[in-house]
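S.K.: Respectively, the protein sequence lines represent chains X, F, S, L, C and P.
Under this note's numbering, the first sequence has 21 at position 21, and the numbering climbs by one with no breaks.
Under this note's numbering, the second sequence has 317 at position 248, and the numbering climbs by one with no breaks.
Under this note's numbering, the third sequence has 442 at position 125, and the numbering climbs by one with no breaks.
Under this note's numbering, the fourth sequence has 649 at position 106, and the numbering climbs by one with no breaks.
Under this note's numbering, the fifth sequence has 833 at position 64, and the numbering climbs by one with no breaks.
Under this note's numbering, the sixth sequence has 1184 at position 202, and the numbering climbs by one with no breaks.
Don't take each hint at face value.
[Stated by the list, open to error] If you want a taste of the chain S side facing chain P, the calculated C-beta under 7 Å gives, among others:
{"#": "1", "residue": "S321"}
{"#": "2", "residue": "A325"}
{"#": "3", "residue": "T328"}
{"#": "4", "residue": "R332"}
{"#": "5", "residue": "I336"}
{"#": "6", "residue": "R339"}
{"#": "7", "residue": "H397"}
{"#": "8", "residue": "D399"}
{"#": "9", "residue": "G400"}
{"#": "10", "residue": "S401"}
{"#": "11", "residue": "S408"}
{"#": "12", "residue": "P409"}
{"#": "13", "residue": "N543"}
[As the list claims (entries may be wrong)] In silico PhoX-like links for lysine-lysine, alpha-carbon gap of 25 Å or less:
{"#": "14", "chain 1": "C", "residue 1": "K942", "chain 2": "C", "residue 2": "K924"}
{"#": "15", "chain 1": "L", "residue 1": "K620", "chain 2": "L", "residue 2": "K557"}
{"#": "16", "chain 1": "P", "residue 1": "K1187", "chain 2": "S", "residue 2": "K539"}
{"#": "17", "chain 1": "P", "residue 1": "K1150", "chain 2": "P", "residue 2": "K1186"}
{"#": "18", "chain 1": "P", "residue 1": "K1155", "chain 2": "P", "residue 2": "K1186"}
{"#": "19", "chain 1": "C", "residue 1": "K924", "chain 2": "C", "residue 2": "K952"}
{"#": "20", "chain 1": "C", "residue 1": "K924", "chain 2": "X", "residue 2": "K59"}
{"#": "21", "chain 1": "C", "residue 1": "K837", "chain 2": "L", "residue 2": "K557"}
{"#": "22", "chain 1": "F", "residue 1": "K156", "chain 2": "S", "residue 2": "K331"}
{"#": "23", "chain 1": "S", "residue 1": "K331", "chain 2": "P", "residue 2": "K1089"}
{"#": "24", "chain 1": "C", "residue 1": "K937", "chain 2": "P", "residue 2": "K1150"}
{"#": "25", "chain 1": "P", "residue 1": "K1089", "chain 2": "P", "residue 2": "K1150"}
{"#": "26", "chain 1": "C", "residue 1": "K952", "chain 2": "C", "residue 2": "K942"}
{"#": "27", "chain 1": "F", "residue 1": "K308", "chain 2": "X", "residue 2": "K53"}
{"#": "28", "chain 1": "F", "residue 1": "K308", "chain 2": "F", "residue 2": "K156"}
{"#": "29", "chain 1": "F", "residue 1": "K221", "chain 2": "F", "residue 2": "K316"}
{"#": "30", "chain 1": "C", "residue 1": "K782", "chain 2": "C", "residue 2": "K973"}
{"#": "31", "chain 1": "F", "residue 1": "K316", "chain 2": "X", "residue 2": "K57"}
{"#": "32", "chain 1": "P", "residue 1": "K1150", "chain 2": "C", "residue 2": "K942"}
{"#": "33", "chain 1": "S", "residue 1": "K331", "chain 2": "S", "residue 2": "K394"}
{"#": "34", "chain 1": "S", "residue 1": "K539", "chain 2": "P", "residue 2": "K1050"}
{"#": "35", "chain 1": "C", "residue 1": "K782", "chain 2": "L", "residue 2": "K765"}
{"#": "36", "chain 1": "P", "residue 1": "K1186", "chain 2": "P", "residue 2": "K1137"}
{"#": "37", "chain 1": "P", "residue 1": "K995", "chain 2": "P", "residue 2": "K1050"}
{"#": "38", "chain 1": "P", "residue 1": "K1186", "chain 2": "P", "residue 2": "K1050"}
{"#": "39", "chain 1": "F", "residue 1": "K185", "chain 2": "X", "residue 2": "K42"}
{"#": "40", "chain 1": "C", "residue 1": "K973", "chain 2": "P", "residue 2": "K1150"}
It is worth saying that the hints were derived from the structure and are not from the lab.
Keep in mind the model is a prediction, meaning the values are calculated, not measured.
Cβ atoms here follow ideal geometry from the backbone N, Cα and C, with glycine treated the same way.
The residues making up each chain are set out below.
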Amino acid sequence: MAFDSLSDFFNMGGYAFYVWLSYGFSALVLIILAINSHRMEKQVFTQIKQRLKREEKLKQAALRRKEGK
Amino acid sequence: MWKWLHPYANPEVSYHFTGKLIPWFTAISVILLVLGLGLALAFSPADYQQGESVRIFYLHVPAAMLSMGIYLGMAIAALTALVWQLKLAEASIAALAPIGATFTAIALLTGAAWGKPMWGTWWIWDARLTSELILLFLYLGVIALQNAFEDKSLAGKAASVLAIVGVVNLPIIHYSVEWWNTLHQGSTVSKLERPSMSADMFIPFVVCLFGFAFLVARIFGERFRAEIIARNSMRPWVKALVLAQEKN
Amino acid sequence: MQTSYSSAFFTILKRDLTIALRHRDDIINPLLFFIIVVSLFPLGIGPVSNTLMKIAPGVIWVAALLATLLSLERLFKNDHADGSLEQLLLSPCPTFILVLAKILAHWLITGLPLIIIAPLLGVLLNLHQDSYTALMLTLLLGTPVLSLLGAIGVALTVGLKKGGMLLSLLVLPLYIPVLIFATSAIDAASMNLPYNGQLAIIAAIFFGSLTLAPFAVGSALKVSTN
Amino acid sequence: MQTSYSSAFFTILKRDLTIALRHRDDIINPLLFFIIVVSLFPLGIGPVSNTLMKIAPGVIWVAALLATLLSLERLFKNDHADGSLEQLLLSPCPTFILVLAKILAHWLITGLPLIIIAPLLGVLLNLHQDSYTALMLTLLLGTPVLSLLGAIGVALTVGLKKGGMLLSLLVLPLYIPVLIFATSAIDAASMNLPYNGQLAIIAAIFFGSLTLAPFAVGSALKVSTN
Amino acid sequence: MATQHSVLLAADKLTCIREDRLLFDQLSFDVSAGDIIQIEGANGTGKTSLLRILAGLSQPYDGEVLYKAENIHHCQEDYNSDLIFLGHLPGIKGEMTSEENLQFYLKLHGLDHSLAEQTLAEVSLFGFEDALASHLSAGQHRRIALARLWQSNSKIWILDEPFTAIDKAGVEKLEQLFLRHAKNGGAVILTTHQDLSIHSNDFKKIILEHQFI
Amino acid sequence: MATQHSVLLAADKLTCIREDRLLFDQLSFDVSAGDIIQIEGANGTGKTSLLRILAGLSQPYDGEVLYKAENIHHCQEDYNSDLIFLGHLPGIKGEMTSEENLQFYLKLHGLDHSLAEQTLAEVSLFGFEDALASHLSAGQHRRIALARLWQSNSKIWILDEPFTAIDKAGVEKLEQLFLRHAKNGGAVILTTHQDLSIHSNDFKKIILEHQFI
Ligand code: HEM
Ligand SMILES: Nc1ncnc2c1ncn2[C@@H]1O[C@H](COP(=O)(O)OP(=O)(O)OP(=O)(O)O)[C@@H](O)[C@H]1O
Ligand SMILES: Nc1ncnc2c1ncn2[C@@H]1O[C@H](COP(=O)(O)OP(=O)(O)OP(=O)(O)O)[C@@H](O)[C@H]1O
Ligand SMILES: [Mg+2]
Ligand SMILES: [Mg+2]
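With the rest of the complex left out, here is chain X:
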């Protein structure tokens, strides 16, 4: 252990702001990236679902058109 006390640890020898800024920022962007990546697959799935629905609608329309003729 390089520090004597917890407050020493948080103080970082006077460099607290810079050290914790670095660690905080890095954690923040990495978490955002991880969440975003995790959600990506779901988003793609919903898009595909929407498209399949639209295709279904088109198919119905074409059928109706054929029957109409």
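Following the hints, complete the assembly by docking chains F, S, L, C and P with the ligands onto the known chain X.
M.R.: Coordinates of chains F, S, L, C and P with the ligands only, in the frame set by chain X:
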């Protein structure tokens, strides 16, 4: 070699294979990062010159190295995408660029936060700092180009061309400290000979480096899977996946 | 076959020059833009001649860069919009030859006039006396690089309905090395230091992009017209 | 009739914002351009922070000017190319209302983000601590003027098949007064002098162009579609 | 000759000169409610130039265009709200969906924009409401512009080659629409190089020819 | 079926997907010397997409195009010198005169460009040689592009709606030219929404339809 590679170049196989790897990558990266960052923050010694601010080192250097490594990987993928028309390579470019941009941003910000106490300024326009900033712009360019095309396959090809052109920036970043005299520190960890650094700093550094590398692999895995799905949405197996998911 | 390649090269060169010369504006406008941007600085910064002298190489080169950037669109955009680009890609001649002809035409129209007018702007900005040769040499080697690398950017974005913004984002980072070495050469010259090293690097960049850019542009164009 | 005018105004405003927001790039790219241009200068000039501090207001304002300039084309060019502009001129609503809506949309898309990001660039360029308020105020009053005056330039050139060059020539001279007063206000602030005078002049230019530009643009557009 | 009152639009001694070539000289004609007028002529005889003058987009070299006996440039707002002009370019934004494009024009003319989806179905774009216009084929692209005709309450339609890139079924539907519009007291002025299939009693022709002086 | 040797161009199991919509699936056909092939279909069925794939401008999602039994992307120079493709956009520079425009394309294909003036007369542009292309009407503009067909020694012509904006006399002349080209051992692949007036024995049709899976 082609025959051996062929099954893995199949999108469906790659999708499932990557899916199997992801939990492993997650586990390894969590273990290494907890260990490495714990060592780095609490147990490694303070530097006799830089004091406790040296703890930024364990973020800054892995992030900087990964930012370059990811770009190199992306450029290699780009070359395969253009030469062998490999659609999976296009998907991996799209998956890698945002990760690389994130690590570049981390390298820049941690560098700046280290520079303020050490050099007395957040930012100077020296060769290494500037070329790293250019790297960020290159990543952003690849992402912007990727988003600008509607057609995923065209987007992949266009981004490939740009990624390959930008690769000249990598040697500039790496050798900038040797070619120009700058404020930035010369190579210490990346020398091939025995590192000129004590073991109780070197070990946490290496653990952190690998921890971040596996984190990259894990995030890449997820994005890669999503890109594969998006690029193959016409295929029956994707439709089957979608329908199966709908039932749950 | 060899002769038909060179004839295709010159046909395209001639066409592009004709179009540019037909409205003389196409040549005069980048020049005027260059001059205006350079003269904005004394206005924005104030005419303290010492500051001006310090920033002169940077301002001239940044202005040259922006002038080239703005003129890049002309390289392929109009050809794409009216369908000529498709026709060029379908010509029996390899794409990189056509591309090279178009880039040469672009440089003759925009780069060359810049070089000719640059000393005049040096005077406006109080450029150091010993720097003129360096300024001219860096521009001579550097502006073709701007055209070559720029062509890659336009080729990639020509099919998109975006303004010149995306283009700048793609191209400016590629221009930065030229900018750095050129201005550092001019600065070195003003201090009577040798600047062969910087010139050699710019020359290397020039030959590198001369051999590689036409192929990159060719494949980018194929993507863009798809 | 009054209500239908305002509905036409908001219809057009909404359309232009939709188009810009659909690709988020249209908003991000001018910003990136602004940032890149600002960061080109330290590269070209060298990192001596004292020089940088002196030229910071000038550089930021010149970059804002160029970023606006490059984004101007979007104002009418695409509408002209696809025939929407004709349709707008043939709408039952007076032209100056439509024009005003388009200019407002343009400012929201390009001017506003510039203002928001400017302080960050001030930090990069070592802008003097006391200058930030002045920088923001001049940008707030000045960027709408850039959009308004720029619109006149685009309207005049939209029918011509020239690149952005002719446009710059027409528009930049109109921008110079704003540039001069804005940078002088920021300089004054850095020396703790009052800068109300300069601000008042910029405000006057703003109101002048707000009332006159829409009509000028309207008649210019009629000429351009002839 | 129709009665004075039903004359919607009158061309009064129009002369058009382009590139020092005389296209038409002292051309006068009336357009009354119920007219369908086809402007015919070989390539380059000045059909587009004439239509743009009628719509008020170009100035004639000489003469004037009268809307309800008033020069169109003096009553521009009234005239514009009673006019639909569709030129060679469709005026459709590739960045917006078909529905948004149509809604925009309906709103701009103060019409009920909630009918947009239904109107798109009229031009066989059902199912493409959410597709970006730039992703549509040449003909589908033009159909969005034409869809406005189904909702318009403007009397005067000026259409420059409305059938370009439209398939046969589409052309037929359009012709029926023109007849209905004319019957309801509107007027249609159009150019096309294809023969109209409607009965020749139902429309008039104005023929432009190359002029040699 | 034609003999193996005279097959100029073959589409081999072409599949095209745009915007996640299947336009055509596993489409195969041969184009032999002497063929005139009209691709027919309603708006948005994929005619343009097919022609661009045949010309090598777009990549199919699956399948390949063979020129003399070789993939067109492997013998691009040979194929290009035996091909004329005219798309929706004519590829004519407004800043150059009609004659310069035509000469440029002739030179680019290594043909005799001194015949340009004479060829322009074929497309009724006599007297317009020195007019800037941007000053011509819509139809005259397209005629410059079409003029290349009179001078070409390429066997394969791929034409996307060549009759757009062309008047009746012009259409007839073009049809005669197609017949002559086919008789001389060439092949023409075209799309048009107008009916061809040539005898139905003289041309084949490929019909594209909206696909629903
Ligand atoms: C914004 C400012 C900074 C940026 C953009 C930056 C960028 C980089 C980059 C890109 C590398 C990787 C080089 C390579 O692997 O070839 C690196 C490595 C390194 N940086 Fe920084 N840096 C910055 C500030 C600092 C500061 C202030 C320090 C310390 C006082 C520092 C110390 C180091 C060290 C020790 C290495 C490892 C060098 C090696 O062994 O290869 N950096 N930096
Ligand atoms: N750039 C594009 N991006 C995405 N999808 C497109 C694009 N262009 C066309 N499509 C889609 O492909 C389909 C076929 O288009 P194509 O242009 O090939 O049709 P076409 O048969 O030539 O029709 P037309 O008769 O209207 O010219 C259209 O329905 C459209 O949805
Ligand atoms: N922008 C222009 N500038 C100068 N002259 C022009 C311009 N546009 C057209 N012209 C001239 O005007 C004449 C008529 O053009 P216009 O477009 O009215 O013909 P059109 O009858 O519509 O022909 P098309 O059937 O080909 O569309 C042309 O012969 C051309 O020479
Ligand atoms: Mg016409
Ligand atoms: Mg088509």
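S.K.: Compare the structure with each hint and give your call.
M.R.: Do the hints match the structure? See the list:
1. S321: holds (5 Å)
2. A325: holds (6 Å)
3. T328: Holds, because the Cβ-Cβ distance from T328 of chain S to chain P comes to roughly 5 Å (cut-off 7 Å).
4. R332: This interface hint holds because 5 Å falls under the 7 Å limit.
5. I336: Since chain P brings a Cβ to about 5 Å from I336 of chain S, closer than 7 Å, the hint holds.
6. R339: At about 5 Å, which falls below the 7 Å cut-off, the nearest Cβ of chain P leaves the hint on R339 of chain S intact, so it holds.
7. H397: With Cβ-Cβ at 9 Å, over 7 Å, it is violated.
8. D399: holds (6 Å)
9. G400: Result: holds, 3 Å to nearest chain P Cβ.
10. S401: holds (4 Å)
11. S408: It holds, given that the least Cβ distance between S408 of chain S and chain P is near 5 Å, below 7 Å.
12. P409: holds (4 Å)
13. N543: Holds - the Cβ of N543 of chain S comes within 7 Å of chain P, reaching about 5 Å at its closest.
14. C:K942 / C:K924: holds (19 Å)
15. L:K620 / L:K557: It holds: about 18 Å lies between the C-alpha atoms, which stays within 25 Å.
16. P:K1187 / S:K539: This hinted pair is violated, its Cα atoms lying about 30 Å apart.
17. P:K1150 / P:K1186: holds (22 Å)
18. P:K1155 / P:K1186: Cα-Cα ~20 Å, so holds.
19. C:K924 / C:K952: Given that 25 Å is the threshold and the Cα spacing comes to 11 Å, the pair holds.
20. C:K924 / X:K59: violated (37 Å)
21. C:K837 / L:K557: violated (35 Å)
22. F:K156 / S:K331: violated (40 Å)
23. S:K331 / P:K1089: holds (12 Å)
24. C:K937 / P:K1150: OK: K937 of chain C and K1150 of chain P at ~17 Å, within 25 Å.
25. P:K1089 / P:K1150: Answer violated: K1089 of chain P to K1150 of chain P is near 30 Å, above 25 Å.
26. C:K952 / C:K942: holds (16 Å)
27. F:K308 / X:K53: Judged against 25 Å, a Cα distance of about 12 Å means the pair holds.
28. F:K308 / F:K156: OK: K308 of chain F and K156 of chain F at ~19 Å, within 25 Å.
29. F:K221 / F:K316: Not satisfied, since the Cα-Cα distance of roughly 28 Å exceeds 25 Å.
30. C:K782 / C:K973: holds (19 Å)
31. F:K316 / X:K57: At roughly 20 Å apart (the allowed maximum being 25 Å), K57 of chain X and K316 of chain F satisfy the hint.
32. P:K1150 / C:K942: holds (22 Å)
33. S:K331 / S:K394: Holds: K331 of chain S and K394 of chain S sit about 18 Å apart, inside 25 Å.
34. S:K539 / P:K1050: holds (23 Å)
35. C:K782 / L:K765: Holds. K782 of chain C to K765 of chain L sits at ~23 Å (cutoff 25 Å).
36. P:K1186 / P:K1137: Holds. K1186 of chain P to K1137 of chain P sits at ~17 Å (cutoff 25 Å).
37. P:K995 / P:K1050: holds (16 Å)
38. P:K1186 / P:K1050: Answer holds: K1186 of chain P to K1050 of chain P is near 20 Å, not above 25 Å.
39. F:K185 / X:K42: violated (41 Å)
40. C:K973 / P:K1150: holds (19 Å)
Consistency note: the structure conflicts with the earlier hints numbered 7, 16, 20, 21, 22, 25, 29, 39.
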